[in-house]
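Asks: Sequence:
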Amino acid sequence: MRSIRRWLLGWLIFGMAAALGIAGYATFHTARREASELFDYELRTVALSLPSNLTGAGSGTQREPDLGDLADDRIVIQIWERDGAPVYHSAQAPVFARLAPGFNTVELAGAHWRTFGVEKNGRYVQVAQPVSVREDLAMHLALHTLWPLGVLLPVTIGLALLVVARGLAPIGGLSRALATRSIDSLEPLRLDGTVPVEIRPLVEALNDLLQRLNTASQAQRTFIADAAHELRSPLAALKLQLQAASRDGSLKGEGQTLERVEHRVNRIIHLVQQLLTLAREDAQPATSMAAVSLRRIGEQAVSDFSLLAEMREIDLGLECEGARTPNDAYMVLAESHGMSVLLGNLINNAIRHTPAGGRVDVVLGRDGERIGLEVVDSGSGIAPAELERVFDRFYRGEEAKGEGSGLGLAIVARIAERHQLALSLRNNAGRAGLSVAASGLRACDANTPASTAS
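Just add 22 to the spot in the sequence shown (first one is 1) and you have my numbering.
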């Protein structure tokens, strides 16, 4: 996959390295040329500054002229009279033929020399210097001009890394904002002054897509809710008509057939009711939290399902563990209706899957500043392979019994997600039955202000 960061860094570093290389090459050759011109100037200066009374062969009988820093550069000096007679030459130095005035480059004994000749005070003065010495000195000076470029290269690379990282930071921030969003969060991304103008079209396109997805999702939820609502009334009327016809004898048929019809109608009514509840839960991306009594919600739920439990000969009860006082209300920050639906679905699911003579317990418990609830039944439990799938919508296990719709635990999972609760589902250890726990409710007091969670 192509990376914008690598592409930018690669071309920036390559471009800067190439530019610095060309600049270094030009600087190096310019420095060498200027150094050569400087040495020519020194040769000319030496030739013009020699004393007019210099004679001899420089063999030690007469002190060599003081050439300052050029003494180590092997300057060879030769002087002739006007008539061509030699007057002076440097000791232990090769003898050059008299050359034309000015600068010349000659080869002598396999080495190249740079010479300068000039007429002075009736004499002809000629000085020479090995080209190799000049090249070494020029190279040394030229290399000294390149060290700033060597320092500049890593500094420039570091600057390029910093600039590219800062320039692409808004894209990383946008990616993190999208990655940390809830699956149900379809609100548009906020544009502020930190978003570069180059990224604004992308953000606006994403916002447009999110808006269209939100519209489509809302339409789907509205359709399900409307359909469930429209189906609930005629199904309830159909059930009443069946019951009335069965009582007055206008509906003829075997008792078992009528029982099956009523059973099917009840199941459809339950399914429609669950669809309506699920659509309502999906339509609430944010939850308005307030201080509510979990104990009161539990007592109400147990009371609502007590008649169904008695009909099925099931012992249904509420237990409070870790209560701080005998009348501990277990105040939590939650949404009252959502917690009622959650607990109601857990109790209803437990009752429907518990055989006659069984037991269903609703247990409230504390864990420090967190409060949770657990519904424990003595039913048949769930196969371990299906424990992870029972929260899926419309999923029912192969051995599931009762007239469930496969939406009860899906609704529980949706409400728990909105409340940011941890759900755990496990078979009871050492005995039959299933335990479903929801933990993570924050304990509070009755005066805690309401808040909103997404």
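Hints in this document: simulated from the structure, not taken from any laboratory.
Fair warning: there could be bad hints in the mix.
Derived Cβ-Cβ restraints for the label pairs, each shown as a range [said to hold, decoys possible]:
no., residue 1, residue 2, range
1, S207, G390, 44 to 54 Å
2, H359, L184, 45 to 55 Å
3, A238, A187, 33 to 43 Å
4, M161, W33, 29 to 39 Å
5, D337, L228, 23 to 33 Å
6, G390, S328, 27 to 37 Å
7, I35, L235, 23 to 33 Å
Even glycine gets a Cβ: it sits at the ideal position worked out from N, Cα and C.
Asks: Does each hint fit the structure? Answer for all of them.
Replies: Hints versus structure:
Between S207 and G390 the Cβ separation comes to about 29 Å, which falls outside the hinted range of 44 to 54 Å. Evaluation of the 45 to 55 Å hint for H359 and L184 yields a pass: the beta carbon distance comes to about 53 Å. The given range of 33 to 43 Å is respected by A238 and A187, whose C-beta atoms sit roughly 38 Å from each other. With their beta carbons about 33 Å apart, M161 and W33 fall inside the hinted range of 29 to 39 Å.
For the hinted restraint 23 to 33 Å between D337 and L228, the CB-CB distance of approximately 54 Å leaves it violated. G390 and S328 have their C-beta atoms about 32 Å apart, which keeps the hinted 27 to 37 Å range intact. Range check, I35 to L235: Cβ separation about 41 Å, and the 23 to 33 Å hint is violated.
In terms of the numbered hints stated before, the structure departs from hints 1, 5, 7, listed from lowest to highest.
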